[in-house]
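Please work from the sequences and hints to get the whole structure.
Number of protein chains: 2
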Amino acid sequence: MAERTSSRRIVIVGGGAAGIGAAGAARGTDRDAEITVYTEYEDAAYSPCGIPYVHGGEIPDFARLFLGTKEQYADAGIDIRYRTPVRAIDPRGRNVRVGDGPPVPYDALVIATGWDYGRPDVPGADLAGIYYMKNIREAMRWHEVLEEVRSAVVLEAGPLGMEMVTALCHRGIETHLVDPGPWALSMATDPDIVAPVEESWREMGAWLHFNTKLEAIRGDGNGQVRAVATTDGEIPCDLVVVCTHKEPRTDLGAAAGLAVGSAGGFAVDETMATSVPGIWASGDCAEIPHGVSNVPIQGLSGSHAYAQGKVAGVNAAGGRRAYQPVYVPWAMVAGTWMIGGVSFSETLATALGIPFVTGQAQGISRARYYPDVKPVMVKLLAEPDRLRLIGAQMVGGEGIKERADFLAMAVRTGITLRDLATMENVYSPPIGALNEPIALAAQDALARLGS
Amino acid sequence: MAERTSSRRIVIVGGGAAGIGAAGAARGTDRDAEITVYTEYEDAAYSPCGIPYVHGGEIPDFARLFLGTKEQYADAGIDIRYRTPVRAIDPRGRNVRVGDGPPVPYDALVIATGWDYGRPDVPGADLAGIYYMKNIREAMRWHEVLEEVRSAVVLEAGPLGMEMVTALCHRGIETHLVDPGPWALSMATDPDIVAPVEESWREMGAWLHFNTKLEAIRGDGNGQVRAVATTDGEIPCDLVVVCTHKEPRTDLGAAAGLAVGSAGGFAVDETMATSVPGIWASGDCAEIPHGVSNVPIQGLSGSHAYAQGKVAGVNAAGGRRAYQPVYVPWAMVAGTWMIGGVSFSETLATALGIPFVTGQAQGISRARYYPDVKPVMVKLLAEPDRLRLIGAQMVGGEGIKERADFLAMAVRTGITLRDLATMENVYSPPIGALNEPIALAAQDALARLGS
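Each protein sequence line maps, in turn, to chains P and R.
If you count the first sequence from 1, you need to add 98 to reach the numbering used here.
If you count the second sequence from 1, you need to add 98 to reach the numbering used here.
Since the hints were derived computationally from the structure, they do not count as laboratory data.
You can take every hint at face value.
To give an idea of the interface, some chain R residues facing chain P are shown, with a C-beta separation under 7 Å as derived from the structure:
#1 I513
#2 V524
#3 L532
Think of the CB as a built atom: it goes at the ideal place given N, C-alpha and C, for glycine as much as any other residue.
Here's what the structure looks like:
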């Protein structure tokens, strides 16, 4: 309605990491832009990644998960419209429909609508007691429910499922993990790397049901979950935590004609521009090429969403920034371990027909005589000919995140096993061992090659 | 005396990390070689790097510092001759003189004679109560002395001095650090990076005397240290811990005609071969080119000595292995912090006339709301034109060693600020923050450059 023709009107759909990243970067690029963020939720800019740790008791309250107050965003000139879903996008008219109001015009639109869980397609999926962890207000409500839960089933051992198994065990809830795969996070890991994690879950009291399909969720007379039926038999439970694959939320954009790619997310170029002029997409609703295979992938981390959002925001505001292909370093605390990696596991490379050589080593995190020294197992995968790194997996007691970041850059920049075999490393008894585990794994690979 | 003409006779002078590394690698390269290690000490293959942590109380006893038993070396076919100094080397006759015995012939000789502290050239340097920390048996004796010490002076804030200030404070000893430089480890650090460490030492009760020269060590009537005289006045003390620069021990090799380089260590090629055929050198008695400046340097870590020893051992045994130029990642616990870096600081680059651009950031080690989240400050230096990394410094609460290893490889392989500014990073609340501090520092550098 207002005639503010002189300033750029940037509309952002979604208030998660990608949307908030886009808003901040757009503001940094164009001080005069009119920036509006629409979110269907009553909050924006909190960290959903912290929710499992509140449930597990490591973080004392949900309040800590908020990044900023609503006033801070307003002060920064970012107008966030809460509980305001966008109903439709008109790319020709360059406007969006919000509620029953008149069309809201935009000069640039960023779609950051995120993802939803794959819903279990089984009888009983509408019972009470099925928890889709995502929204913080709902998480607060479920946190109270957890007080009464004696037995829970976690569906699928993706990253969130692994965090939730660990969290529920911490709380002393009898926890069952049900996963159709052969081991935890089997798309990204090999069984030898994940074995210590699984062993520690069992020691914490968890029951692991791999190669197991969910067949139904069964309720009591009040419509409340009482068990799940699986190919491994019936498992009594008070709660089902759904941690299935992230499915990109593309309905709004697809209806407006945005191209969707092979991984199910919006197809974007390196500026995060979609197939439709004036519209960018970022975060879990978009897909990004993998740097080694060039295959589009989606469902990455909050850090990726935030970084993609910033790129989209800069470009939407008239700047120019490119996003790189991804190599996907990942790591987490699972059971009593840290586990992590980069790009391809042996299992995945084999499944995709990607040739590789490998080496691995069991190293340590500090001098072997220093208190609290921890094991650090490293497995490396490399191209057979040029020996450039194409993947890594690690499990250990400390320093896994930093090594995963390093090895992601190593994959991206073409660092070889020979480089890693001769890497220098810090040796200081409280913080680093004489031999760096990454170097030992690279040396093992070269030894297997006889070179 | 024995006529074992068919097997290669490898003699190694020195039983530290370089000598033991050489012996093991030689054995791995030539299963039939006759390998003899001579050491003047009664032990070999322990970790002197652990001594400060026994003194500080973190490690409960000295026994843990030994790497293997004497039997294990014998079983591996490595003949270690303890308390047996080598008196002379005859490169023409290819033999060494040991004690009063006949010449001991060699086919290949590895010199790994290590280093000595620069001795303070002041009156009173021969008093009792002056501790040169190096040999483990002497350390055991000094450990008992420490029980009675109330006040100590640590001479020079190199890496060992920094560890000892921290250790003595842990023990509750009144500790004074005397250093002629303007701040701790001033050859490798900038004052802003080391400031939190110095502040934490003061909080632990240490007294820091920078820009201060030692003038004399003063004794009581019994020839026992009672004070040091400095340009900052007299400091009463019961003990002086000498942590001056490592001076390479080259007398034995130099007398045999081995060339000594500009840093005072044996000049070696990439195979660790000295200027004299049939003789290799490794560890702190040798000097190695710095990868960025190509200037020879010496006095590196036990990890470097061990890796160099392995290269010398392989080559001495008829194999072929090259050692790389060094970029020198370093890190340590100092005060209540971890501090570390790679190659050049701003101070050093400026002193050497090396041009650079810089960026820095104060990041965090975990999600900002996760318990025990720690600050991580990163400063990066890069070439002004190509933006390739040439140095880094960090101070923080965790993950410093792993980041230093990463950044050393980044310097070696020509990774740029643009690469680091767009690096992917693990984001997982207990182990990694949304924004990696290294990426933030690189982004800061690019922002300063307006690019």
